[in-house]
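Novice: Single-letter residue listing:
There are 2 protein chains.
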Amino acid sequence: MPISIAFYGERGAYTEEAAMATFGKSARYIPERYISDVFDAVENGAEYGVVPIENSIEGPVTQTYDQLSDFKLHISGEIILRISHCLITNPGTRLPEIRKVYSLQQALGQCKEYLQKMRVETIPYFDTAGSVKMLKESRIPGAAAIASSRAAKIYGMKVLARGIETNKRNYTRFFIVSKTEPKDRGNKTSIVFTLKSLPGSLFNALDAFAKNRVNLTYIQSRPVLGQPWTYSFYVDFDGDKGDKRVASALKDLKKATNSVKVLGSYKRAEGWLK
Amino acid sequence: MPISIAFYGERGAYTEEAAMATFGKSARYIPERYISDVFDAVENGAEYGVVPIENSIEGPVTQTYDQLSDFKLHISGEIILRISHCLITNPGTRLPEIRKVYSLQQALGQCKEYLQKMRVETIPYFDTAGSVKMLKESRIPGAAAIASSRAAKIYGMKVLARGIETNKRNYTRFFIVSKTEPKDRGNKTSIVFTLKSLPGSLFNALDAFAKNRVNLTYIQSRPVLGQPWTYSFYVDFDGDKGDKRVASALKDLKKATNSVKVLGSYKRAEGWLK
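For the protein sequence lines, the chains are A and B, in the order given. First residue of the first sequence: 18, per our numbering; consecutive thereafter. First residue of the second sequence: 18, per our numbering; consecutive thereafter.
These are calculated hints, taken from the structure and not from any lab test. Keep in mind that a hint or two might mislead.
It does not matter which identical chain is meant; a pair holds if it fits inside one copy or across any two.
[What the hints assert, rightly or not] Pairs of lysine-lysine residues, derived as BS3-like cross-links and limited to a Cα-Cα distance of at most 25 Å, are as follows:
no., residue 1, residue 2
1, K213, K117
2, K185, K268
3, K268, K278
4, K170, K271
5, K213, K185
6, K129, K89
7, K117, K258
8, K205, K175
9, K284, K117
10, K185, K272
11, K213, K196
12, K89, K278
13, K175, K271
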């Protein structure tokens, strides 16, 4: 039986592209409308889930971070994909007829300059490829969607323009999540911690890494629900959680904070796809 | 002549409410559709601008952070407002008829549990009060908006339900921006810095605060455009930029980083409005 991979978005989504490049053609791919549904699918039987975690222009995907706070799974891998957007419409529609453009809020943001020149109304939609599918089914006149050329192909739609993103250095980083931990040793670890409510508590937490010479590569804060102005800190650093220096840093971090959770150790994405 | 205050959103927006509670009834209030327009308005003559910076549930307002990176103004104050959402529709529409709900993405997120029970479609709109105005003008059947009771009153619309937010500890923090610095000394400062690309560079930057005993109250990272996986760090801390310890910390920080910009020193919001 093929392994099942749940991914965020409709068929043709960038997340599906990242997943397919990793797990190959023989796996079974399950589209999910919400990021939380990907996590549910993995808890309920899918072998892996693939979700976006960060875009190099728009920043963190906060819905993914918020899922990690009650996380029962493991981050078991990382994928980076180069993002290049197309303006897509129904066959027969021409560029000057376009009045409205649908897509994921982040994709609209990434094509802001192009869209401002077009002088069109922008309408947020739950997914890039999903907006292409919706246009195909609804045939809304004078409307286009922003998604990958792959999405246009899958739905038999027409590409009006390619590479319409403002900044070409546009990459999305994805996490692979699973119920079981990867067997191989990783070279990168992600954790989340919450602070003690003391002055200098953030500094004391980060000191745990510095004194064990563990190199932080990313830090992101998210609000704690129901506790205004308190935060969870998501941190990525070099090394496997089994490494001596990392283990020592985690031990020191536990003393300096209220809570620490290791989300996973995995292999850092080297370079990017496409 | 009354002073002019540009604010984000339509008439009836939460940001207008925060602005009015601060600047009173005699000021002239200018609604702006985009956060960037508020900054433009202040650069082009409005005395003050008011923009949301952070919500206690949804986290940072990234469009505001991204404006601060090219910031030519000063943060001259902070306001905190308690947010309580209403479900609002045209007079004559009843609750069981509602099939679609329009509002700002963040407001829809804050009312997720209530909306899931209603089993309605949610449609993101550029502003809370703006979605009420749009429903009044378009009279879309079976549609409601999420906004403040004040917005319902302003547009003569009907409140179907009050306090529909999932978590009642829902606050938004706003920044007041201006061309001139406030004359009074502040007790809080906001800055942005970028790191040298060295291992341990984040730690070295934060060490500048620790060794001068300056207490950090908030840290937020945002991607640097065109430089994937490099970040600007937005930091709030206690004290005025003229304080001896703060000045010394800023001096040390400049040595440890690539760039430092002081966004403003201002009076911390004590408590909240409403």
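Novice: So which of those numbered hints doesn't the model satisfy?
Specialist: 1, 2, 4, 7, 8, 9, 10, 11, 13
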